[in-house]
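*Asks:* Spelled out from the first residue to the last, the chains are:
2 protein chains.
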Amino acid sequence: MANKDQNLTLWYDQLLSKAQLVSYGDVKGTNCFLPNSWNLWLQIQRLYNNATALIKLKDKVILKQFIPIEPLPYTVEQVQLPTLSFYSEYQKEKRHVEGFNPELFLIEQIGTKKLHDPLVLRPTSEIAFCNLWKKQSFSYQNLPVIYNQWTCVFRAEKNTRPFLRNSEFYWQETHGLFSDGVNSESAAIAFWKLYQDIIVNQLCIPAFVGLKSPNERFAGAQNTWTVESIMPDGQALQCATSHDLGQTFTKPFGLTFQNQANQQAIPYSFSCGISTRILGALLLTHSDDFGLILPWKVAPIQVKLYLFDKKGDTKTVELAQKVQTLLEQLAIRFQFIKVENQLGKQLGQGEVNGIPFQLIVDNPQTVNIFNRLTRVKTAYSFEQLASRFVELVQQYHQAMYDKAKAVVQQKVVQATTLKQIEQAFNDKKAVLCAVRLTDTLEQQLKERYQVTVRCCLEQLQKPQICPFSGESAQDYVLIARAY
Amino acid sequence: MANKDQNLTLWYDQLLSKAQLVSYGDVKGTNCFLPNSWNLWLQIQRLYNNATALIKLKDKVILKQFIPIEPLPYTVEQVQLPTLSFYSEYQKEKRHVEGFNPELFLIEQIGTKKLHDPLVLRPTSEIAFCNLWKKQSFSYQNLPVIYNQWTCVFRAEKNTRPFLRNSEFYWQETHGLFSDGVNSESAAIAFWKLYQDIIVNQLCIPAFVGLKSPNERFAGAQNTWTVESIMPDGQALQCATSHDLGQTFTKPFGLTFQNQANQQAIPYSFSCGISTRILGALLLTHSDDFGLILPWKVAPIQVKLYLFDKKGDTKTVELAQKVQTLLEQLAIRFQFIKVENQLGKQLGQGEVNGIPFQLIVDNPQTVNIFNRLTRVKTAYSFEQLASRFVELVQQYHQAMYDKAKAVVQQKVVQATTLKQIEQAFNDKKAVLCAVRLTDTLEQQLKERYQVTVRCCLEQLQKPQICPFSGESAQDYVLIARAY
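As you go down the protein sequences, you meet chains H and E in turn. Going by the numbering used here, the letters in the first sequence line up with residues 585 to 1067, in that order. Going by the numbering used here, the letters in the second sequence line up with residues 585 to 1067, in that order.
Bear in mind the hints are in silico, worked out from the structure with no lab data behind them. Among these hints, one or two may not hold up.
For chains that are exact copies, the list does not tell them apart, and a pair is met inside one copy or across any two.
[Said to hold, decoys possible] Restricting the straight-line Cα-Cα distance to at most 25 Å, the calculated cross-link-like pairs of lysine-lysine (BS3-like) are: (1) K678 to K697; (2) K588 to K995; (3) K588 to K922; (4) K922 to K676; (5) K697 to K742; (6) K835 to K1003; (7) K719 to K1003; (8) K929 to K894; (9) K1046 to K1003; (10) K602 to K719; (11) K719 to K894; (12) K1013 to K1030; (13) K697 to K899; (14) K922 to K697; (15) K719 to K742; (16) K718 to K835; (17) K987 to K698; (18) K961 to K899.
Use the sequences and the hints to build the structure in full.
*Replies:* And the structure:
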């Protein structure tokens, strides 16, 4: 494989192929998700679903205590909405149609029959949800209603790369309907925090979080909150967003509800989503020149246990069985494989595939553990293993985050002067600084440096001087080139 | 609600709306799956996934013993393939394109840009899987490869009804690649048997199983095995199918593998699927004039436990908590709700939504159980409940199947003469009989009686006389009108 530090692009393409993650679809920008990537996505689905489930699950996973994910105080229900809608419906919200128009897939024919009103493949589902809600009747008493769907969306893209930018990609989109704007804003913020938890605490990806500038908001949103991460090449990757949509969609689509005063009023809505792009962030952040490295919490197979015993030694077999029982008790997702030959080849494939721990039992006394992150093999007695396994997992998890954090820190410069900023951009790094956030500044950044304001992290109490305009600067922002 | 026996069509539409199962999409033949139907589909996904999982799960559900579902001896891996492919690719398999051509959604434009080669939305994914496999290299040692995806497909339909016939519908499709035709046929049969298990043993839907006639096969299949059920109106509903595709697709798509003699050979393939149409079968078979009735195994919420206690009696609260603990121990999917008022309204909604058991604790001595199937409310002491709950569930399950079976038996006539057959068709019933299965007969059945041969159940050892042609009849078939 190519060297990750020297040629990230080539390394990424080789990783996709070597770890059997995707295969290219025939149509530009489409991908086949092979088991190694789709199972990862299913694990991320599980994290989100557990936190938002109608029946709050009592997670029996013993190892969960060190990576908590709190259930949300909202009830989210799973639905599935059509892929197809009428193009004419898109005309109803001006900014929305402008935002998506060039990327829309248009269906003008079925079999040999021409259509009068073309159909479009959803680029996102605000319109489908509004059209559904229009047919239901709501009072303030049965709001909010929060629906989620795991699905795909379609946006024809020019420059495509698996996971990072696709014409058909997979995501989860949650849409909520509220009786007032305060509640819809609170929900947008609550889901944004859930994404932070998933991305930072579960996937070990360091993140910068804040509000998008008006120019960078979702087409139709009043406010967009984002979780941004910095990849090893200094570019920012938008990992998840949450939008307070106010009445932008509910008004033109004619939605109403009965308010407390018994009158018809216009409801408020929000939407949010995390997409398969997070798999791109995961790969770029954690993997190395030897293949995939997976966070413990989402590794589809967390442990592979090999019994390598040609002689058929009863005691060796017994030890392997004891380890198997231990893994079951710890509620670990593991595979138990009896290997006759070519153990090295199997271990090698396990390494490329990013199995966190590979355990080898080939004698009656010790268990060898190969740690994918450190690439160190260590021998443990069964008693040591039983008492220390939880700790090993905790260390793995923490070390993964620390390693990623160290890389991000090298790629982000805290700057106060224009010189520092320009130097950072020259070095292909991202910048944290106080600016006066204006349309002019954003335009200038794009044209002069090909960078964008990724998010506003906070409003400074004590204004500084904007390095670009020399004016008073209160917006503390992340500026970077973006995927 | 309309009377199910008197007006099944009206009753079905009212059920869809009253039990909040679907809402109609804007585009003809598309639906919004609301939580009450989508959660059901997710439960069916769980049944299939558990039986085919890579890591064979040890199902901790204590109640599983009376409804076994055996893991398959195949490893199925989850993937996700693109929705879009090129229309030109469809030309490669003649029967396939003929089978689907009139129903294809064609994309000829993206944004304002016209496409040279139109794109199509998949009506099924044989082509996508062959195009994926073409890029991978296989030897006899790493075959079979079996992939599954949970996804949607698109077929523009003229007469549409939610679940039963849709232009966009959801399904699971499993596709496998094999080194020889015997193995691909065995797999097609094994998955057909898995569907039988899901449909009959888990969903309690009585079924007829057998081979499709050459005219009724999947476009491109060598053999299609089907699971057919008879609805209360005497019409047959195709619940699941499995196809031995031989080399029909692998040949024109140029697939090869290295065989044991170290030569390049053409592999064999199979595909199979169960769709959201099974939800239609579920509704039509089990539900009644009071709403939905759900099989225990797939009810998203199996039990609702209400604590209805205005006085705040400690002993009543304690009893409810003891029941809650019991339900947890039994690994039942339940909701625990404290009700202050309008208990009747809640129970009514629970009935419409088909919750199998609703448990009411409103005094310190007894638990009232409302059984959705029998609509009988019975009081139990906690000790009775604890010792008898598993039995109650078993009875519920068996009674549901028996009830459905009795309805089917009324709608299916075993016939030997043309007079009996014509009488049955006049009475809108299905027919089981021995025939000489020919193209002429199938044509005649369609034209004269608007019925089709749904499947051939067996080849009789001892031939009979075909009531239609008077010739020797060895095919014992199910004939019916179909959804």
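*Asks:* All hints are to be evaluated individually against the structure, with a verdict given for each.
*Replies:* Outcome of the hint check:
no.	hint	verdict
1	K678 to K697	between (30 Å within a copy, 21 Å between copies)
2	K588 to K995	within (15 Å within a copy, 67 Å between copies)
3	K588 to K922	neither (34 Å within a copy, 57 Å between copies)
4	K922 to K676	neither (61 Å within a copy, 43 Å between copies)
5	K697 to K742	between (30 Å within a copy, 12 Å between copies)
6	K835 to K1003	neither (47 Å within a copy, 63 Å between copies)
7	K719 to K1003	neither (57 Å within a copy, 50 Å between copies)
8	K929 to K894	within (16 Å within a copy, 67 Å between copies)
9	K1046 to K1003	within (22 Å within a copy, 95 Å between copies)
10	K602 to K719	between (49 Å within a copy, 14 Å between copies)
11	K719 to K894	neither (67 Å within a copy, 37 Å between copies)
12	K1013 to K1030	within (15 Å within a copy, 71 Å between copies)
13	K697 to K899	neither (72 Å within a copy, 69 Å between copies)
14	K922 to K697	neither (58 Å within a copy, 56 Å between copies)
15	K719 to K742	between (37 Å within a copy, 23 Å between copies)
16	K718 to K835	within (11 Å within a copy, 50 Å between copies)
17	K987 to K698	neither (57 Å within a copy, 48 Å between copies)
18	K961 to K899	within (22 Å within a copy, 57 Å between copies)
The structure does not agree with the numbered hints 3, 4, 6, 7, 11, 13, 14, 17 stated previously, though it agrees with the rest.
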